[in-house]
Every structure is written in structure tokens, then in C-alpha cells.
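> With chain A fixed as given, assemble chain B onto it according to the hints.
Sequence lines, in order, name chains A and B. This note's numbering puts the first sequence at residues 1128 to 1633. This note's numbering puts the second sequence at residues 160 to 479.
There could be a bad hint or two in this list.
[What the hints assert, rightly or not] Stretch-level coverage of chain A by chain B, calculated; a stretch enters the list once three of its residues show a Cβ under 8 Å from a Cβ in chain B:
| id | stretch |
| --- | --- |
| 1 | 1166-1175 |
| 2 | 1320-1331 |
| 3 | 1338-1351 |
| 4 | 1510-1521 |
[What the hints assert, rightly or not] Computed spacing ranges between beta-carbons, pair by pair:
| id | chain 1 | residue 1 | chain 2 | residue 2 | range |
| --- | --- | --- | --- | --- | --- |
| 5 | A | A1412 | B | I172 | 57 to 67 Å |
| 6 | A | K1561 | B | V174 | 50 to 60 Å |
| 7 | B | L247 | A | Q1498 | 42 to 52 Å |
| 8 | B | D217 | A | G1377 | 40 to 50 Å |
In case anyone wonders, no lab produced these hints; they're calculated from the structure. The beta carbon of each residue, even a glycine, is placed where N, CA and C say it ideally should be.
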Amino acid sequence: MKKRKLTAMALSLILGASMLAASPVAAVADSGREDVRIQFYEEPPTADIMYDASVSTGILGSNLYAYLFELDENGEPTGALADSWEWNDDYTAVTVTLKDGIKFSDGSEITAEDVVFSMERGKEAGFSTYFSYIDSVTANGDKEVTFTLTQPYTVFLYALTTCYFGIMSKAAVEGGMDVSKAPNVTSGPYYIDAWNMGSDIVLKANEYYYEGEPEIKTADLIFMGDENTALTALQSGDIDFMMSVLGLSGSAKTQIEETEGLHTIPFDNTAYTFMSLNHDVEYFADVNVRKAIDCAINREDIILASVDGMATPASIPIQEGLGGYLDGYEATAYDVEKAKEYMAESAYPDGFSFTLLCGTPSWKKVGTTIQAELAEIGITVNIEEQEVGTIVTNITGGNYEAAIISWSNACGDVSNLSPMYDTVETSMNLANIKDDTIINAMNASSQVTGADREPYLKEAYDAIMDTVPYVSIYWPDGYYAAADGLNMDAPIGIIGQFLIKSMSWS
Amino acid sequence: MWKYIVKRLLLLIPVVIGVTFLVFVIINLKPGDPGRMILGISATQEAVDEYNTELGLDRPFLVRYADYMSHLVRGDFGLSWYGSEPVLPKILHLYPATLKICILAILFAMGVGIPLGVLSAVKQYSLADRIASTFAMILASVPMFWLCLLMTLLFSVHLKLLPSFGLTSWKHYIMPMIALGSNTLGLSIRLTRSSMLEEIRQDYVRTARAKGAKEKTVIFTHALRNSLIPVVTACGTNFSLLLGGTVFVEAVFAIPGLGNFLITAVTKKDIPVVMGCVVILAISVVIINLIIDIVYAYLDPRIKSKYQGSIRRRRRKAVE
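Excised from the complex, chain A in its bound form (with noise of 0.2 Å):
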């Protein structure tokens, strides 16, 4: 009798504990609320954003520093610091005015002296290859900064949003502030008021922000790498957002949706995927085996088996919504049929083997997708798996005959593109793009303004389109997660950028 009773105890508690795990339990939204938990995907090397860079420390930076300018909803470069700008006759040199009244959060001015000092730190660092592009930047005054460019580059305003070009306060630097670890003296709408080593990141509102004081007045910024940790610590109430770099996966989108009291938000993911090729290999050098290749491929299947269906096949290597964006460019249609007649007409009627490099585990699966759809029309992969620099290193050195890859746009604008075909500034050449045509094209965009711009990306899209240099795959979908009551304003998915100022509790 005793062992029955013991014996069902034991069986209820089992039950009991397995009906807790597979029941939905609310999160309890807050409101009136100023302090957020973000669960961040690592913890940065460092806050110093012009020696790294680690998207973890742009993240961190684009909250700590403010940026002569900012993209706006439409995702163009608006002033920020930046009152007004003008720029001379060639696009060779631009001058910026600052706002007036504008101040670092210890309450001490922002001056043109301040804007050249950054600018030539950055340099110094040379981190990014924008500053490639800075010949100079002299202070005209306290207010007025002109940059001399090396070249005609319209885009450049674009590339000051990125985060290696916030403005730090000369004074503070000199005076020995910690940029590394406690920047306390910054431009943007935080400020670090304590760095827990390995565990989290507090950051404290900067009253003299120049938008003014953020709605949120501390963020935690949590250090939790594994997205599962994340999602049980949204789930329990223990984090407000959860923050990656692409976003959710699929798993974790679907059971945000379906747990109450949680909700997902949507942002414009900057990533492009896409299929390099390399045209010193004979057959990639044959225009009608590339467009076999883009027909016979079927985006959606790669989309479904690699990133859970949340992407869009693309077609140009810019989406919408971003600089350079044109209407009228659709990803190519799956036809095996028309694929097989591009074969006959091409060199090697009865197919070819190739490798193909894959890095992440969602580009092997692009990969393995491929694999199957162009056995159909008689090619063979093969697929070889390498770490992502590696991929990058022997696709810069020619030693590839294919590979997937992806880029994340940093600024917003195609021009942020420009390692994807061969420029002087990079030479990396990513998408092994060698045609005249649309290197000369996409250059001359970046040298133009507004409309004038159009007939020039146009005609370099054309020529993507046409000749097929690599084969576009898809733009992922971003999502982001966060407890009901939490919202994020418009976020714009820009590699290295996550504003927490756009955040507010309802």
C-alpha cells in the first residue's frame, strides 16, 4: 500500500511538472517604466569604436557616441550634430555646420575642434576604409568642419552614420578617460556607468543629449551568447529584448509569437546573400553556364531550408528601403527548363563539377540546396565547408572556383557595396565582378547626387541582371523580441547600428 502511494506521488509530481513545461505562461508587461534589460550577443572587445571592429563594439558605440549624421526612416542621411552641409562644385569637399547648443553628457560643448580631433583619430586607427577617403578635415571656427575628400564621393555623408565615426570629446580623451571601458564623457544618448566584466554593460541616459534626454534612462545590456538562455530569460520575465545580430531564427520567432505577453519586431535586415563564382574558371567565364546557374536555382527552397522561410529572394544587391534601392528588378524565376537550354547552348552541354565554399551552418544549407537543384541540369557540387575568413581570404586571392557568401551593408547605401565588386579602395572583389560596365557604373553613382544617380545604378543593375556575375539568393528578414509594452521605433538593421534611444515602454 505504502509503495503504491509513493509510487503515485512520484507519477504526479512527473506529470504535473511535465504539464507546467508544456503550458504557455504570460510574461507580465510593465509600462511607466525606464529601464530596459536587452540581452546583447557578446560581450564587445572593447567601447572604442575606431579600434575595432567587432559589430558588438558599432552596437555599443552607435548608443555611446552621435554622428554628424543619421539615417531617417526613409533610410537617407539626415543631420544629426549636423545643422547643415554644403557641399563645393566637383563633390570633393563638403562643409558641415553643427548645431548650436549641442554637448557631450558632462555638459561641456561640442565644438568643431572636437569633430576633427575624432575624424583624425579614426584615421589614425584606420579601421574603416572610409577614412580612405578623407583627405583632410580642418575646423573653420567652432562650428563649421570641412572635409576634403581624395575623390568626388556624394555617399560620403552615408558613410559618416557608420559607427566608426562618432564624435568623442578631445578634452576627455586627452584628459586620459578609459575609451575602452568607461567612456563617461560621450556625444550620444548614453553613457557607460558601469562595465560588469563578463556579465553586463550599464548605460546611463546623457541628460545633454542633443534630441534630449532618452525615455529610457538605463539599459542593461546583458551578455548571453546562446539565443535558447535568451529566449527562456525573455520567456520569464528576467530580460525585456532580445538583440542579434540578424535576428531571431526561425524556432525562436515561432515560439515568441506563441507565447503571450511577448511580441516580435520586425526591422530592415541589411544582409545580402549570394553566390560568388569565379570567372578564371572556364566554366563560370561562360555568360550561358552563370545563367543556368541563376534559372535553375530555386530561391524559395533555399530560403525554407536555411533560414526557415523568413527571407526574400533577391534580385540587385540592394533592397528597399535603402540608398540605391530601384524598383523593377525581380529575383530571377525558377526554370529548370529554360536552365537546361542555357546548358545546351553553352559550352559544356553535359555539365561540369565544381566546389563550392560554404562557412556558417545557413550557407552550408544554401549550399546543399543547390547541390540538388543543379544535379538536374547536370552540374555536380561539391561542397567544401571553411571558416568565413578563410572563404573571404581565397576568394580575394583567386583560389575558389565558387562560394556563398554573405555581405551586411554598414551604411545604408549601395555604395557600401563596393568590396563586393573590384575598387580601388578595397580590391576584394567578393562578388568577383569584372565587368567594366558595372564597376565604372557603380563608381559614377557615388559621385552624383539624388536623381542623377539613377541612370548610373541603373545601367549597372542592367548589366547584373543580364550577364549574371554571381547569382543573388536572398535578403534575410530581421526580427527582434521583446516583452508586450516595449517598443522599438522604425529600427533600421544597419550592421553595427541598434539605437536603444528608439525604445520606450507603453
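Only chain B this time, still in chain A's reference frame:
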């Protein structure tokens, strides 16, 4: 005894050299260009090559290893390749959290496991014995990640009793301690039980009973002490494994510890950090093993007298 301790501590030198060399080889074989990883995908190959030269990666492997070791013996663990932060202060800041979790896990495993094992042995074939044995078997076979996930779902998400991450209050230690110590707990129950069963059938236990000693004295004073030797050996060995296991537990519970730091460094191929963590862990394992040996001597006077006896013999020989 002191001589023995010094001798064991001297063993640290070959151990550290061996471990560092092995890890240096493995981490260097790991694919990935550090310069590219540090400067980012958009950096030019020229800049990447220049940075790699600055890091000394253009030098031969053995030269780099010798250079690292020459700095290490002077207490210079180097700078992290990301953010140029000194490695040693960060390790020393993070290590106590890792150590605390491991110690709590082993104390939990032994504190619960030994009494359950004794109960199981003393009441052999009873219901308590069966429950304890089943419990031990389940704990020994449950994968750590599954237990971590189940516990966070139950205690954090649904019951909201325990925090799901971090290490700021006593409540934060409970789940990591249980997750990390569960396998060792299962092991210690089973080992204590079998060892205790062996001991209570020994002649000296029978003699103690015949002399009219109380059952409590027979079990706890005579049998338990001797049956603990294999348990201490297993738990000691497991302590070294637990230090490795914290990598997973720290990641799941977002604990600011050495494991989390190490795994991030391995991912980023931050060689100075990886090497620094490994050196500290290797030293810890040697010291833990030494402590276990000292505990042996305390638990079993035969070991101590054997060691002292050998010293006496040597001294006598020297006099002769």
C-alpha cells in the same frame, strides 16, 4: 609529506609545458585567419596581412610558442587580440565564479550522494535502496543540456522561482550547481553504496559489532571512513571534468565565468586568451589532484604511514 607536496607541485612544469604545447598546436590548426576575424570582412587583404604580421603570425610556429612561454614564465599572459585587454586580470576576475560553481556542484554531489549511498547500502533491497539506486541511475545518464533546459523551463519560465541566468544572488547558484553536479551525484550514490556494502561485510566491522559497538558507530566511524576512499577518488577526478563542464553550464546560464570566456575565445581564435585559460585550468587540475592525495592520507592512515615509512627506511639506509 611536505617533500611529497613540493614534488607534486614541481610536476606542474611538465604538465603546463605539455598542455600548452598541445593546445597551441590545436588552436593554430583551427581554420581561420585571425587578422581577417579581427579587422572584419571588409578589410583589405593588405591590411589583414599587415595585422597578422603585427601579431607575429608570420613567424614560425615553434618560435611563436617559445616566445609565448618565455613571457608566461614571467607572468605575462599577453593581451587579447580583440580590444588589447590584458588576459590575466580578466581570467582572475572570472575564475572565482567558475570555481565556486564547481565546488558547490561537488559539495552538492557528495553531500547528497554519500548519505543516500550509505542509506542504500545499510537498507539493502529496501524501497529506499531501490528509489536511491533508480535515482542514481537516472542522474548518471541524464544529459547535462537536457537537465539545464528542463530546469530553466520549469523553475524560471513556469514557476518563476529561480532566475534563468547570471550569478548575483544565492538563487542564481542553484540550477547551475544541480546541472553540473547531477552526474557526479549519481556516481557518488552508486559508488558509496557498493563500497559501503563491501566494507560492512569486513571482519573488522563484525568485530566491532561483536564488541557491542552501537550500529551508528559501526557504520559512521568504522565502515564509512574506509568506504569513502573510492568515492573521493571518483569525485576528485570528476572535479577536473566539472571544470570542463562549466563551459556548457556557463553558456546556458549566461554565467560570467572562465568557461564562457574560453568558448568565446576559441570561436574567435583569440590565442592569448585560449592559452591563458588553459594554463590556469591545467594548474587547477594538478592542484586538485594534489588535494585529493592529501585527503587520502587523512582518510586512510595506512597511506600516510606507508609514505612516512618509506622516508624512515630511506633515512635508515642513509645512516647505515
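> Look at each hint and say if it fits the structure.
Right, here's what the structure says about each hint:
Counting residues of the stretch 1166-1175 of chain A whose C-beta sits closer than 8 Å to any C-beta of chain B gives 6, which meets the bar of three, so the coverage hint holds. Residues of the stretch 1320-1331 of chain A lying with their CB closer than 8 Å to a CB of chain B number 4, which satisfies the three-residue condition for coverage. Here's how the stretch 1338-1351 of chain A fares: 3 of its residues keep a CB closer than 8 Å to some CB of chain B, so the rule of at least three is met and the hint holds. Remark: the stretch 1510-1521 of chain A is confirmed as covered by chain B, as 7 of its residues place a Cβ nearer than 8 Å to a Cβ of that chain, reaching the required three.
Between A1412 of chain A and I172 of chain B, the C-beta spacing of about 59 Å keeps the proposed range 57 to 67 Å intact. About 55 Å separates the C-beta atoms of K1561 of chain A and V174 of chain B, a value consistent with the hinted range of 50 to 60 Å. Taking 42 to 52 Å as the suggested C-beta distance range, the pair L247 of chain B and Q1498 of chain A conforms, at roughly 47 Å. Evaluation of the 40 to 50 Å hint for D217 of chain B and G1377 of chain A yields a pass: the beta carbon distance comes to about 43 Å.
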